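Novice: Given next are the chains, with one letter for each unit.
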Amino acid sequence: MLELLISALDVALSPTVLIAVLLGVILGVTVGAIPGISGDMAMALMLPFVFTMDIAPAIGMLMGLYKGSLFGGSISAIMFGVPGTPGAAATILDGFPLKQAGFPNRALHTGLYSSIIGDFTSVLVLIFIATPLAVLALQFGPREFFALYAVSIVIIAALDKGRVALGFSAAAVGILLSMVGRDPFSGAARYAFGSTDLAGGLGLVPVLIGLFAVSEIMLQAGRIFRERFAHLEAGVRQRTAGEGYDPDADRLSLREYATLWRAVVTGAATGTFVGALPGAGATLAGFLSYGLAKRVSRNSDRFGKGSLEGVAAPEAGNSATAGATLIPLFAFGVPGSGSAALIGAAFIIQGITPGPMMIESNLTIVYAIFILLLYGSIFTLITSKLLLPHYARLSMLPPRYILPVVLALAILGTYAIGNSTFDVWVLLAAGIVGVAMRGVGMPIAPVALGFILGPGLERALRQSLILGFNEPGYFFSGPIALSIYGIAATLLLVFVLVGRE
Amino acid sequence: MREFPAHRLRCLRALLICIPLCLMAGSARADAFPTERPIRLLTPYGAGGGIDIAARILSAVAEPHLGTRVDVVNMPGAGGLNAAMFTLDAKPDGYTLMISDYGPLITLPLREDTDYGPEDWTPVFQITEIAPTFVVHPDFPEPTLPGVMAAAAREPGRLHATHGAFMSSSHLPLLRLEQISELRMNHVPTLGGGETLQFLLASIVSLAVTNSSSIASAVEGGSVAPVAVATRQRIPELPETPTLLELGYDVVMPVWYTIFAPADVPEPRRRELAARIASAFDTERARSLAARASITLSGTDYDSLQQAYADTVATVTATISALQNP
Chain A
1 MLELLISALD
11 VALSPTVLIA
21 VLLGVILGVT
31 VGAIPGISGD
41 MAMALMLPFV
51 FTMDIAPAIG
61 MLMGLYKGSL
71 FGGSISAIMF
81 GVPGTPGAAA
91 TILDGFPLKQ
101 AGFPNRALHT
111 GLYSSIIGDF
121 TSVLVLIFIA
131 TPLAVLALQF
141 GPREFFALYA
151 VSIVIIAALD
161 KGRVALGFSA
171 AAVGILLSMV
181 GRDPFSGAAR
191 YAFGSTDLAG
201 GLGLVPVLIG
211 LFAVSEIMLQ
221 AGRIFRERFA
231 HLEAGVRQRT
241 AGEGYDPDAD
251 RLSLREYATL
261 WRAVVTGAAT
271 GTFVGALPGA
281 GATLAGFLSY
291 GLAKRVSRNS
301 DRFGKGSLEG
311 VAAPEAGNSA
321 TAGATLIPLF
331 AFGVPGSGSA
341 ALIGAAFIIQ
351 GITPGPMMIE
361 SNLTIVYAIF
371 ILLLYGSIFT
381 LITSKLLLPH
391 YARLSMLPPR
401 YILPVVLALA
411 ILGTYAIGNS
421 TFDVWVLLAA
431 GIVGVAMRGV
441 GMPIAPVALG
451 FILGPGLERA
461 LRQSLILGFN
471 EPGYFFSGPI
481 ALSIYGIAAT
491 LLLVFVLVGR
501 E
Chain B
1 MREFPAHRLR
11 CLRALLICIP
21 LCLMAGSARA
31 DAFPTERPIR
41 LLTPYGAGGG
51 IDIAARILSA
61 VAEPHLGTRV
71 DVVNMPGAGG
81 LNAAMFTLDA
91 KPDGYTLMIS
101 DYGPLITLPL
111 REDTDYGPED
121 WTPVFQITEI
131 APTFVVHPDF
141 PEPTLPGVMA
151 AAAREPGRLH
161 ATHGAFMSSS
171 HLPLLRLEQI
181 SELRMNHVPT
191 LGGGETLQFL
201 LASIVSLAVT
211 NSSSIASAVE
221 GGSVAPVAVA
231 TRQRIPELPE
241 TPTLLELGYD
251 VVMPVWYTIF
261 APADVPEPRR
271 RELAARIASA
281 FDTERARSLA
291 ARASITLSGT
301 DYDSLQQAYA
311 DTVATVTATI
321 SALQNP
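Protein chains in written order, with full-length UniProt numbering: chain A, 1 to 501; chain B, 1 to 326.
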């Protein structure tokens, strides 16, 4: 045992592996922060390079990249209200208001610490209790997933008191948008109106960035022009957001961070569990953590207006998928997410097939991976600590400098992914839809959630219908599905009763 | 290690391709083929999949044997249509090739209104052949194909069978088996290999059809039991597993990763490419890269490859037209 640990440490702490993990983390934080390039895409691009590397540095670099991108996504979410990765979409809800109130540094650090704690927790779970958790996760079939997706959408859509109907309508719009394109089960075009572009479906990146960021940019640009106009008329100089930023008031003490423990624990636990489910992923983890943290918070009325807890929960949640997503891969050889599939591909390229046999035949490598997963989190912490104060200052530049750059990056990033001008039109159209929704007071998060979860929800629903021969009773026939509905009903009941007081 | 964001990498690649293209324009001579400029090898899917890995192996070993570089260009989207159209629209000089499974070349044009058909392609070199494998849970009462067929016959349309995407190369062998045996099962589409395996491990379904490579570890560990393969011969990885042909069902629908040229590329050029690519793969380095990626290299010669392609076109056409006109 000791001998095994020493040889694993020998592999994991060799200079090439250390450098590979560090490079992966730096690259991951950077691509995560760039809207439009997700960790998955960067990992896919890296695979050909990984092909020529040894197994430990190869997996180390990919895992560093994945971990880094999970946190990096929150940087642009907080700074510009643009989710750098889909997983960070929930972080916008409170991160961006905090930045607007002049506290980007506090928000970024809350996000960072929570990411690290979430990530670390899930790696510990992967190391120590992967097998029992994997056995439970494996039992999540279409029926159970339908329950989980449906409950998640209900929890998020009903986030805002008094705007429940608007929230549900928004989620429905999101699901409808996700259905544009090919029917996943028959290949027939839906809502395409004869257009081959629409038949290809709406891209996740243009829709998300359009809804959140482009609509924000459009509104801000409108405001700046109005101010300009007023300034010319009245001769009064308007203060820009850049003036009056006080970096000292924007510090976050550890003592203060410690008061957020409820949100962090909720996020880390939710994220680890959701991450272990095959097919769920960081976005669901972020949103579900946010929704649950709001339920357990003592200050739930602060959520959505710039609550540090509202940043801590989704960030702990999405990063907690980092270790957990490997659980089904290591335990059964089932890649539970796009990222896990890429890690699995990297293993296969290296001649090791992920699965139960891997743990028996390549124990040194498995232990070495556990060790590098642990110190990878520390690398993320150190790298980001050095970068964040600069990011925070950057984000407080006057909007008239930042907005054109963000918009240009959003358009460029969207175009680069698919070489498609159609995606750019989708981006701009989503921006206009976002402006209209803000105009009528419709929350944007449920649209994003509905759009992201829509395909999975639809697949789970239709697979369940096939498996249950169209009998509605099938949905309520399993113990796990029934427990999910039970927990959700209890939560809603408690929420309604507490809300009445 | 060099890493670039997607758009940079693409710009760089475009530049690398464009500069020599401009320099060489007009000076092409047949006897110099294929050494005048780099060959573009398009893949219909994203980076990291089996086809991409196969293409990268060729790219790694090609230059000394082809006398030029092979640049892999991933062009995902529209089920492979984008890459196929790009390849067919390029000048038919043998410098633009596509590596693909049969989905984008045969299934897609048979099901949709595309500008090309299966006859617009000629296979040049087959890198590997993969067996669609029928697997059951080891607890299945009689874990053999006859056992599965008997269970399906007892309750027509009620036995759950999962198969990756609708009309994928895992689904078509299942459909073909049903057409031949006149038995019906309940088909559950999934996202592909990972989800298929999960459904089987969790006993959500009784039968799964998937690629032999995606279940290798599970078979080794005894958590799934293979009952048949849809290839002409048994495969080396599963020597105990019978073919459907042996069991009396004429379902031979192997998945291959093959390099294709548009049919209007002159035949001497196609043969030249085939010979040079074959010699590139007949090297120690190619074999070790392939072994690391669990790819079994095929040894099919040019003429039998044409026959194999014609056979697949015929089988897929028959399966799909039986569905459309039952």
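It is worth saying that the hints were derived from the structure and are not from the lab. Bear in mind that the values here come from a model prediction, so they are computed numbers and not experimental data. Note that beta-carbon positions come from the ideal geometry of N, C-alpha and C, so glycine has one too. Accuracy of the hints is not assured; some may be wrong.
Examples of chain A residues toward chain B, derived with CB under 8 Å [as the list claims (entries may be wrong)]: (1) PRO15; (2) THR131; (3) GLN139; (4) GLY181; (5) PHE185; (6) SER186; (7) MET218; (8) GLN220; (9) ALA221; (10) GLY222; (11) PRO335; (12) ALA429; (13) ILE432; (14) ALA436.
Novice: Hint by hint, which ones does the structure fall short of?
Specialist: Of the numbered hints given earlier, those the structure breaks are 1, 2, 4, 7, 8, 9, 10, 12, 13 and 14, listed in rising order.
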